[in-house]
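**Student:** Protein sequence lines correspond, in order, to chains L and F. Using our numbering, the first residue of the first sequence is number 1, and each one after it goes up by one. Using our numbering, the first residue of the second sequence is number 1001, and each one after it goes up by one.
Hints in this document: simulated from the structure, not taken from any laboratory. By construction, the Cβ of each residue, glycine as well, lies at the ideal position given by its N, Cα and C atoms. Check the hints yourself; a few may be wrong.
Said to hold, decoys possible - Label-pair ranges, simulated between beta-carbon atoms:
| id | chain 1 | residue 1 | chain 2 | residue 2 | range |
| --- | --- | --- | --- | --- | --- |
| 1 | F | D1327 | L | R57 | 33 to 39 Å |
| 2 | L | D36 | F | S1353 | 36 to 42 Å |
| 3 | F | K1440 | L | Q66 | 56 to 62 Å |
| 4 | F | K1331 | L | T69 | 41 to 47 Å |
| 5 | L | R62 | F | R1220 | 23 to 29 Å |
| 6 | F | S1347 | L | T69 | 37 to 43 Å |
| 7 | F | K1331 | L | Q66 | 47 to 53 Å |
Stated by the list, open to error - Heads up, simulated SDA-like pairs for lysine to any residue below, C-alpha to C-alpha not over 25 Å straight-line:
| id | chain 1 | residue 1 | chain 2 | residue 2 |
| --- | --- | --- | --- | --- |
| 8 | F | K1290 | L | K5 |
| 9 | L | K21 | F | Q1077 |
| 10 | L | K87 | F | A1346 |
| 11 | L | K76 | F | T1288 |
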Amino acid sequence: MANSKDGAVENARKDLAKRLKIDASDVKEQAVEDSDFPDMSLGAAEDDEMSGQMITRGWRIRLEAQGKTYEYRADKNQVRAYNFKGKNYRV
Amino acid sequence: MNRNNIFIHLALAFVLILVAAFAGQLNRWQKQWKSQVRRVPFEEKKRPTTVKDIALGETRGFGRPEVLVKFRNGVSQETIESITSRFHDRVEDRIENAAGWESVDDLDDADAAATVAEYSRLPEVEYAEPNFEIELPDSIDGPLVPVLPHDPQFTDQWALANSGQRGGKEGADISATLAWATTTGSDKVVVAVLDSGVDYTHEDLAQNMWVRPASMAPYRDNELGTIDDLNGYNAIDNASDPMDENGHGTHCAGIIGAEGENNLGIAGVNWKIQIMPLKFMNAGGFGTTKDAIEAINYVIERKKAGVNVRIISASWGSTQRSRALEDVIRKAYENDILFVAAAGNASVNNDRSPHFPSSYNVPNVISVAALDRHDQLASFSNYGAKSVAIAAPGVDILSTWLGNQYEEKSGTSMATPVVAGVAALVLSENPRMSVDDLRKRIMASSDPIVALKGKTVAGGRINAVKALQD
């Protein structure tokens, strides 16, 4: 199902809460901005993943939890955790 | 005057005579040369110019037929304009340094010879003649006249014919319209689009899709069993349907081979071709290395079974190296298959930070960077003096999209099928060319671009006309 911007932010919040083992209400939305990503994995490819090399419009989502900032990337098709403890994850 | 002075004056006179004689000869040589420049009167064009041609032609500066008219001395500009207006013509240009000569544009698109006759009868006119079109340098034997398709959105396809539309640089294109004077492709050439599949029902693609011949058995894999690959291959679920759920593969397919001259949408680099859809990327536009390998293996097996699939277009990649992927691409090379791959969109130097599969050092791989409509390396494009082979248009490229739509997209994804398409054109003219020779031909076909010096191996933009030169 296609993501809306709000839906993508909500999915990102839930994912971060799960990864940090905290309540979703403790994850704050810092910023959400439209962004062009370099490829179809939004510049956040998982290991062993190949993606189309087409500039892809999406949203860069910055969340704050436990005093740190975390970045998620999303478009209508997907939400990804970017560089979470050194790795990318497809949510 | 003493004796020495006489000799000096005689010597000077002799030199002057020699100079004058040489100048005269130069003039004769010049006239001779001018008369030998191959000129194509408009009536000798391959097909009649139509109103649509005019509309399209004007986008590249190939306008209506013109005549050159020399009015007699004393004929005023008002009279000239009155005459041209009476004939529903227009003075296109006064020719400087040739008093009395006017270039007259026939707004009715009448036959040039008839227009010349019309003007020649006037008492105010000394001479009238068709404005001959000087051919381009003889890059290919015979006349080379641009061929312009009637596909309605062709004028937006700057990669094929850049007339400066939307502020671009005129001529910053792959010279497709001139290449089409030689070939518009062949349905005997099969190009595999290894991607998110292809919408094989798209109105501008359906006629150019590969379909497994009835005489050929369905695909059989030792592990996967029998797969009915009627319309191509889906490596994600090893099923029969390579229908695109994303749009990326459909876009790439249209660049290579949207049907030309069908009065629909756009024209591909090839008007006629067979596109074999291979699906390994999902609706999100990403997939696994394993599925890419399965799909390449499928292509090799189909080649062995007799399908003339000579090119794989691969508009995807990552920074992760896979020995298995490299090996199967090498296997494709051993089976005479070219592998055209996107250089990547991270604005990095692939010589230092490689991108795969485009950076594999396998002889059939051509890595492609992207150019914008100003002949500049796209801001996002990867580059590499040693590892990126050539550049092609890849910004704001109009092509086919899901649901009989057309969209503009950017990326080295879009530049890659341009090169794959040109390679297919070459094969349409040279079906037996080896993959080594095909790659060499592509690499030798570029127009040098200053902005690409030190950025790619070829240092230029691919040129389809040059690629077709023997």
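**Student:** Run the distance test for L/K87 versus F/A1346: straight-line Cα separation, threshold 25 Å.
**Tutor:** holds (18 Å)
**Student:** Quick check on a hinted range of 37 to 43 Å for F/S1347 and L/T69, using CB atoms only.
**Tutor:** Once the Cβ atoms are compared, 24 Å apart, the range 37 to 43 Å for L/T69 and F/S1347 is violated.
**Student:** Falls inside 33 to 39 Å, the C-beta gap from F/D1327 to L/R57?
**Tutor:** holds (36 Å)
**Student:** State, for the Cβ atoms of F/K1331 and L/T69, whether the hinted interval 41 to 47 Å holds or is violated.
**Tutor:** holds (46 Å)
**Student:** Is the gap between the beta carbons of L/D36 and F/S1353 within 36 to 42 Å?
**Tutor:** At 20 Å between Cβs, range violated.
**Student:** For the pair we were handed, L/K21 and F/Q1077, check the Cα-Cα distance against 25 Å.
**Tutor:** violated (87 Å)
**Student:** Between F/K1440 and L/Q66, does the beta-carbon spacing fit 56 to 62 Å?
**Tutor:** At 58 Å between Cβs, range holds.
**Student:** For L/K76 and F/T1288, compute the direct alpha-carbon distance and say whether it is at most 25 Å.
**Tutor:** It holds: about 20 Å lies between the C-alpha atoms, which stays within 25 Å.
**Student:** L/R62 and F/R1220, beta-carbon distance inside 23 to 29 Å?
**Tutor:** violated (51 Å)
**Student:** Run the distance test for F/K1290 versus L/K5: straight-line Cα separation, threshold 25 Å.
**Tutor:** Status violated; Cα separation ~32 Å.
**Student:** So the hint says 47 to 53 Å: do the beta-carbon atoms of F/K1331 and L/Q66 match that?
**Tutor:** holds (50 Å)
Hint compliance for this structure: hints 2, 5, 6, 8 and 9 are broken, all remaining hints hold.
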